[in-house]
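Asker: Chains as they are written, first to last, in the numbering used here: chain H, -1 to 362; chain U, -1 to 362.
Possibly wrong hints are sitting among the right ones.
Unchecked claim - Pulled from the structure, derived: some chain H residues nowhere near chain U, Cβ distances all over 10 Å:
| hint | residue |
| --- | --- |
| 1 | P19 |
| 2 | P82 |
| 3 | E91 |
| 4 | R138 |
| 5 | F176 |
| 6 | E177 |
| 7 | E274 |
| 8 | G291 |
| 9 | G316 |
| 10 | L324 |
| 11 | Y325 |
| 12 | G336 |
To be verified - Covered stretches of chain H (chain U as the covering partner; in silico rule of three or more C-beta atoms under 8 Å from a C-beta of chain U):
| hint | stretch |
| --- | --- |
| 13 | 49 to 61 |
| 14 | 162 to 174 |
| 15 | 207 to 213 |
| 16 | 220 to 232 |
| 17 | 292 to 299 |
| 18 | 349 to 361 |
Note that these hints are calculated values from the structure, not bench results.
We put the CB at the ideal spot given by N, CA and C, even for glycine.
Protein chains: 2
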Amino acid sequence: MKVGVLGGGQLGRMMALAGYPLGLRFRFFDPSPDAAAGHMAEFVSGSYDDLDAVERFAAGLDAITYEFENVPAETARYLAERLPVHPTPAALEVAQDRLIEKTFFRKLGFQTPAFAPVDSRNDLDAALREIGLPAVLKTRRDGYDGKGQAVLQHVAEIDTAWEQLGGRPLILEAFVPFERELSIVAARGLDGSFRAYPLVENEHRAGILGRTIAPAPGLTPELQSTAEACVSAAMMELGYAGVMTIEFFEHQGRLLVNEMAPRVHNSGHWTIEGAETSQFENHLRAVLGLPLGSTAVRGYSTMLNLIGATPEWSTMLGIDGLHLHLYGKDPRPGRKLGHVTICATDPTALEERLKAFVESLHRS
Amino acid sequence: MKVGVLGGGQLGRMMALAGYPLGLRFRFFDPSPDAAAGHMAEFVSGSYDDLDAVERFAAGLDAITYEFENVPAETARYLAERLPVHPTPAALEVAQDRLIEKTFFRKLGFQTPAFAPVDSRNDLDAALREIGLPAVLKTRRDGYDGKGQAVLQHVAEIDTAWEQLGGRPLILEAFVPFERELSIVAARGLDGSFRAYPLVENEHRAGILGRTIAPAPGLTPELQSTAEACVSAAMMELGYAGVMTIEFFEHQGRLLVNEMAPRVHNSGHWTIEGAETSQFENHLRAVLGLPLGSTAVRGYSTMLNLIGATPEWSTMLGIDGLHLHLYGKDPRPGRKLGHVTICATDPTALEERLKAFVESLHRS
């Protein structure tokens, strides 16, 4: 079976590494000719709206999925008329627009930070009166890794934020003084079967995910079941097949939906070593109509992104239980070049290995 | 770094899957244009003695290794004059000839079944007088998976065996009524560092490995340290870097060396899920001069080869803890098409999952 993947970044690369052992073959599509998945599978480079290139990509495929949520929904719909495409393109439309996304989760009965649409300076003033400060002004579309947003702490910051972001469809969101950010990765099969990984705790640095602790420390069954109910309800509403990720703020014991990703997710990378079946394998199983694999956890894991530069290779590999994942990308400031997942059978051993890793960073 | 691999079968395929996360790239060389590693990396097809093809393969590589022990040692030596080639070609020469191999281990002080060289019918009669029946007559070179050998139980079988195998350099070995076959997989780094996986128990069917149980049930520290001493001594004697496998017969509490493989091995496939670092990753770390990864075991594993045909895909994937590995090969009787490794945190759970797998085989 040959699977086509829209997007050829590191998520696609890790999807192929999980799919080859299932006997699958892959073809990737990406606007960048240097995409990370390009040198280990068939590869078509083109613009997402170049239907000739998209047709070349689709020829002879058995199924199509994506590893990038900003694939134009029209391209996904065009392909879905010809081939099985999962997750449903409708999920892209929800995930690509913060206003539609938050409205979607509210309608399903889940909590989100307070929000209001902002299409004009008048809207912004009205929204600020309703929501108050601090708040976050964000573009509705195309934001990622902290880009396209401005935190408003004081009235004096409003004009600058408007100059920076105004003119595009925006959303104002209440700034939630959350205790921590949690996320859940879950898979839904074509037959409606459902399996979720435990909630994990995420730490960001400069808007980019820095570290994921799996499972989230102090995770209660109540939090886990709330998160599972949320992702399951979203999947059912959309008629979804594949892996979905939802990021939450934990605040005063409640989970507020921050955003969803209709795909495998950076906060699920720990599952490669830390769970019985990885998010990548479960995504492929889900979109191809195969039984989902066990999401049971194996020990304790911490995932750390390697951003901008990679530490000295051989020093890192000297730490037991450290699993290195480089994406084959050239270094550039702020770029995710890889990640490491450090695993251990007990939290104390994990803490020691993490300490050794941090020390190796300072030495190198 | 780009690594060249002589041989492009499933061992090479799994090596590339382990190496991509380290940021490595691969180029394979194999006489068969359909080799299993061919569609996921650069690939050169040619005969091992076609030096033009071998030169094309080697151009621009940083290091070379092999996944097949019958690569002509001359080809490996030719390449070793130009590039780092590990394991040392000397290991191929030992592994390719059963007489040299058994003599090598005897000289190191380890036990083997009694053996004698057989180059003529007179030699065979002399060897039979010395060793007695039952015995096994084998070709010295090119035997694998039970091919090129004949078991002699009765005097009446001697003529037939000679007709079948005579004319090539042979070896007669005492037939050891062993309790079980065990094997050890270990890695030695360029710096002499050494790490071994636990001994595993192997069951063969019709000369082909059928099942590996890891760790071997009832494994004692004495057996493990004897096996580690043996593989470590062999590696030191050869100045070896990479993974080596030694198969033993266990007989009356002793380990007798049966054979060595200067490469990753079918009986080490369980390490992909069942150990902290897989044999494939440790082989790459070893030949590239990187620190070796932990060989600590994660739970209990049983590996079963999928030979000749593959069971119904989706039925297998319905079993928790079952990890499927298909090699992308066309079905053919007796051909290894893939394997499954079933893992669990305790032996009882493993037994239940194995039972479920065997039942799914009967249903499909």
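Asker: Now tell me, hint by hint, if it's right for this structure.
Answerer: Each hint tested on the structure:
1. For P19/H, the condition that its CB be more than 10 Å from all CB atoms of chain U is violated, with the nearest at approximately 4 Å.
2. Look at P82/H: its CB is around 16 Å from the nearest CB on chain U, clear of 10 Å, so calling it non-interface holds up.
3. With a closest Cβ-Cβ approach of about 31 Å to chain U, E91/H is found to remain outside the 10 Å limit, as its non-interface label requires.
4. Against chain U, the non-interface label of R138/H holds: every CB pair exceeds 10 Å, the least being about 36 Å.
5. Every Cβ of chain U is farther than 10 Å from the Cβ of F176/H; the closest lies at roughly 33 Å, confirming the non-interface assignment.
6. With a minimum CB-CB distance of about 32 Å to chain U, E177/H clears the 10 Å threshold, and the non-interface call stands.
7. Listed as outside the interface, E274/H is inconsistent with that label: its C-beta sits roughly 6 Å from the nearest C-beta of chain U, within the 10 Å cut-off.
8. Residue placement check: G291/H does not keep its beta carbon more than 10 Å from all beta carbons of chain U (closest about 7 Å).
9. A beta-carbon of chain U comes within 10 Å of the beta-carbon of G316/H; the shortest separation is about 4 Å.
10. Residue placement check: L324/H does not keep its beta carbon more than 10 Å from all beta carbons of chain U (closest about 3 Å).
11. A beta-carbon of chain U comes within 10 Å of the beta-carbon of Y325/H; the shortest separation is about 8 Å.
12. Taking the minimum C-beta to C-beta distance to chain U, about 7 Å, the non-interface status of G336/H is violated against the 10 Å cut.
13. With a cut-off of 8 Å between beta carbons, the stretch 49 to 61 of chain H has 0 residues touching chain U; three or more are needed, and the interface restraint is violated.
14. Restraint check on the stretch 162 to 174 of chain H versus chain U: 0 residues with Cβ-Cβ distances below 8 Å, three needed, restraint violated.
15. Against chain U, the stretch 207 to 213 of chain H contributes 0 residues with a C-beta closer than 8 Å to a partner C-beta. That does not satisfy the three-residue criterion, and the hint is violated.
16. For the stretch 220 to 232 of chain H, the assignment as covered by chain U is violated, since 0 residues bring a beta-carbon within under 8 Å of that chain's beta-carbons and 3 are needed.
17. Residue count for the stretch 292 to 299 of chain H with a Cβ under 8 Å from a Cβ of chain U: 4. That meets the three needed, and the coverage hint holds.
18. Using a Cβ-Cβ cut-off of 8 Å, 0 residues of the stretch 349 to 361 of chain H lie near chain U, which falls short of the minimum of three, so the contact claim is violated.
Checked against the numbered hints given earlier, the structure breaks hints 1, 7, 8, 9, 10, 11, 12, 13, 14, 15, 16 and 18 and satisfies all the rest.
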